[in-house]
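From just these sequences and the hints, can you work out the full model?
Here the protein sequences come in this chain order: A and B.
Taking my numbering, the leading residue of the first sequence gets 1184, the next gets one more, and so forth.
Taking my numbering, the leading residue of the second sequence gets 1184, the next gets one more, and so forth.
Please note: incorrect hints may appear among the correct ones.
Each pair may be met inside one copy or between any two copies, as identical chains are not told apart.
The list that follows gives simulated cross-link-like pairs (lysine to aspartate or glutamate, DMTMM-like), each with its CA atoms no further than 20 Å apart [stated by the list, open to error]:
(1) Lys1241 <-> Asp1445
(2) Lys1408 <-> Asp1250
(3) Lys1241 <-> Asp1442
(4) Lys1247 <-> Asp1445
(5) Lys1364 <-> Asp1299
(6) Lys1307 <-> Glu1268
The hints are simulated quantities; they were obtained by calculation from the structure and are not laboratory data.
Protein chains: 2
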Amino acid sequence: MEQSRKKFIQQATLGVAATMAIPFAGKAAIAQKVSAQAAPALPVGIAGYTFAKFDVEKSIAMMKRLDLHYLSVKDFHLPLDSSPEKIAAVLAQFAAAGIKVYTVGVIYMKTQEAVDTAFSYAKKVGVDMIVGVPNYDLLDYAEQKVKSTNIRLAIHNHGPEDLLYPSPKEVLERIKTRDTKMGLCMDIGHAKRTGANLEAAIKEAGPRLFDLHIKDVTGALKEAKAIEIGRGVIDFPGVVKALRGISYKGLCSIEYEKDMTDPLPGIAESTGFFKGVITAGM
Amino acid sequence: MEQSRKKFIQQATLGVAATMAIPFAGKAAIAQKVSAQAAPALPVGIAGYTFAKFDVEKSIAMMKRLDLHYLSVKDFHLPLDSSPEKIAAVLAQFAAAGIKVYTVGVIYMKTQEAVDTAFSYAKKVGVDMIVGVPNYDLLDYAEQKVKSTNIRLAIHNHGPEDLLYPSPKEVLERIKTRDTKMGLCMDIGHAKRTGANLEAAIKEAGPRLFDLHIKDVTGALKEAKAIEIGRGVIDFPGVVKALRGISYKGLCSIEYEKDMTDPLPGIAESTGFFKGVITAGM
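Laid out in structure tokens, this is it:
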């Protein structure tokens, strides 16, 4: 009975992964098993900033050890001005390790040229979504780009210090009447530091919630620090329940920002905790 | 709301820890906060075998990083023939790091002298429980010792290869009519490898379940290997529910037996997963 339940969870996870609306990057495509059973799993990935102090090889080694297979790639691993050959080579490195680059970012867009660059880069990388931060006066232009390219834009909130999008509400109020390919990458740690109610924010975002940066923080205040998931103030069972409540279809990408020169144990504990909460709620 | 819930969980955990029936080791006593709220938390510890390749200092460093505070100490860290001074020194090392030695073992008892040694050692270490493996013909003698010393004996099951106690049932059938200080340290991984139904075994053990070695395994068969908790076949939400069902009052000690020369990431993932399941079920 235990085994069959486990098997179901594994198949369900594969099922969702296989039906995610993320196109593969040409030759870098990873073989995936397709299951007929698609339950509301919450696949776990990694936000690339976690590996800010490590090159691609070392980042891959950590992801393999963590048994994680989805990456939101950061520019320090794949620069925005990379040649097509460079992009293919880096994607092939990840693919060889069973890792799928499912989005790019966070990319700041302060000029029209930066918007053009971001969408051109995303197209070359072969992802259908950008995690980005466009200036307010570029939202109309960004909306034109999501329409013309069919690449979604998930705007990232960065906490009390962020002059544009401190919390999910500043994102949602500026996109809610725009094209449905404009959405939110909710950073739950930064949102928590603004005092936001995460469950309400997830519910409010609904289908506009495209991506997640999952972390924990020491308090619901500006000065709070990043900490291993489970040791801070965020109610993860509540977050997971809220995600299931909106039938969230995206990734849950761990972004670990403590011990950045020696992050593996902290990422491991964080990943374990989040997966434990997910598993317990199934 | 999220914060108050979290706070409650933290207080509840402290509450249970503070009310655990484990005497402190004299000068090595650790200051503990006592809470009026005592909810059915499941405090997480470490089984000392996890650190078989590391000395006391390195083991402490890992436990501190993992934020774990309860240890079932193994003889390689505190030999059975240690002088009182040696015992005091090692306990003081752990205590200075906020770590409480809550039991000793696993200790094999193949002779009457070995039983005497084990109980004498436990008394000197200041614990109220031994995790041990007495030969069948020593059970009467061991029972006399638990009565005369008031030190409990938790018999450990070691899987299909174990000629004495492969699964919890071989323990329970030999102690169920004996003194109530005779009980079980259930190793859920080894039990799983015998094909045991863990939830039924926990229910059957009830108040005789004194201690736990928590791990995951790749299959419900003899040849199965240890693996990070959450990646194997054990249904942890089911195990946790069963433990709550019997109002389990002991420790849940992680015993990680993979990557034994570089275990920290695996212990961290395992600890995180188990804590995540516990938190989600509260």
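query: Looking at the structure, which of the earlier hints fail to hold?
result: Per hint list: zero violations.
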